[in-house]
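Residue numbers (our numbering), protein chains in the order written: chain H, 1 to 143; chain A, 1 to 105.
Since the hints were made in silico from the structure, they are not lab data.
There's no promise every hint is true.
Pulled from the structure, derived: some chain A residues nowhere near chain H, Cβ distances all over 10 Å [unchecked claim]:
#, residue
1, N2
2, F3
3, S5
4, E8
5, A15
6, I29
7, E37
8, Y39
9, S70
10, K75
11, Q84
12, D95
13, V98
14, E99
15, E102
Facing chain A, according to a computed beta carbon distance under 8 Å, are these residues of chain H, among others [what the hints assert, rightly or not]:
#, residue
16, S19
17, G40
18, S47
19, I54
20, V55
21, T104
22, S116
Derived DMTMM-like pairs: lysine to aspartate or glutamate, alpha-carbon spacing no greater than 25 Å straight-line [said to hold, decoys possible]:
#, chain 1, residue 1, chain 2, residue 2
23, H, K61, H, D105
24, H, K84, H, E115
25, H, K2, H, D127
26, A, K96, H, E37
27, H, K14, A, E19
28, A, K75, H, D105
29, A, K96, H, E115
30, A, K35, H, D105
31, H, K73, H, E122
32, H, K93, H, E115
33, H, K82, A, E19
34, H, K14, H, E122
35, A, K11, A, E99
36, A, K96, H, D78
37, A, K26, H, D105
38, H, K93, H, E122
39, A, K75, A, E102
All C-beta atoms, glycine included, are put in the ideal place defined by N, C-alpha and C.
Spelled out from the first residue to the last, the chains are:
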Amino acid sequence: MKFGNYMILEFPSKSCNESFARSAVACFAAQMDPTLEELGDIRTAVSEAVTNCIVHAYPNKLGTIILRCRILKDNVLDIVIKDKGVGIPDVEKARRPSFTTGGTDRSGMGFTIMESFMTTLEVTSIDGKGTAVHMRRKLQRRT
Amino acid sequence: MNFTSFQEGDKLTIALTGEIDHHCAKTYIRIIAAKIETYMPETCVLDFRDVTFVDSSGIAVVINALRSMSQIEGKLLLTGLSPQPMRVFRASGLDKLVELREAVS
Chain H
1 MKFGNYMILE FPSKSCNESF ARSAVACFAA QMDPTLEELG DIRTAVSEAV
51 TNCIVHAYPN KLGTIILRCR ILKDNVLDIV IKDKGVGIPD VEKARRPSFT
101 TGGTDRSGMG FTIMESFMTT LEVTSIDGKG TAVHMRRKLQ RRT
Chain A
1 MNFTSFQEGD KLTIALTGEI DHHCAKTYIR IIAAKIETYM PETCVLDFRD
51 VTFVDSSGIA VVINALRSMS QIEGKLLLTG LSPQPMRVFR ASGLDKLVEL
101 REAVS
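Turn these sequences into a full structure, and let the hints steer you where they fit.
Rendered as structure tokens:
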């Protein structure tokens, strides 16, 4: 039974771990028999959340990122990505399209993409303590 | 990552490869800007045929290329997009700024 299966990863906020994190989640999700489109959406959302930790949570130092995936009933993939970084002072503002505190190499579309590619997205942040991004994606059952 | 580019008349095609994320976005931005500055094409084509993954960092890569091309009053075009990059670019509204062409299967 896939329901109840989970995995937890901990890694430093090095940018080379962005591809590692999205690939690891995609490998874990493979047991749920996702479509290529679902898998692409999940990889993209994970990439955005992990990049946020690397760029914003730990701007000038390395910190720890914790990623937890669980399979819930009804073929739902539940993902939490947590950091103990600087936190987001105004979550609502950060979630607005095109808002970014990054430079010209950032688009400010990270949260917009997570929102449109996942079924649910919750962001909890405590100033100075860290941020948790909790997202779920319900996968279609293929017959 | 590998960059191949070729020029036909006033058209410069830059073929991108691999996964475009935050880890390598700065390199893509820098190399594309340098190529546009060198060749000053009327049309710049970014060929995504061999790009297997794009996240929002890829949007910044395209926006920067668009900026370079509008400075020289040229046109930017994206070709060979597979479904994953296409979804990311459409979700961000990039299709309203640049012509996006799907990969021919």
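- List in ascending order the numbers of the hints, as given earlier, that are violated by the structure. 6, 11, 25, 36
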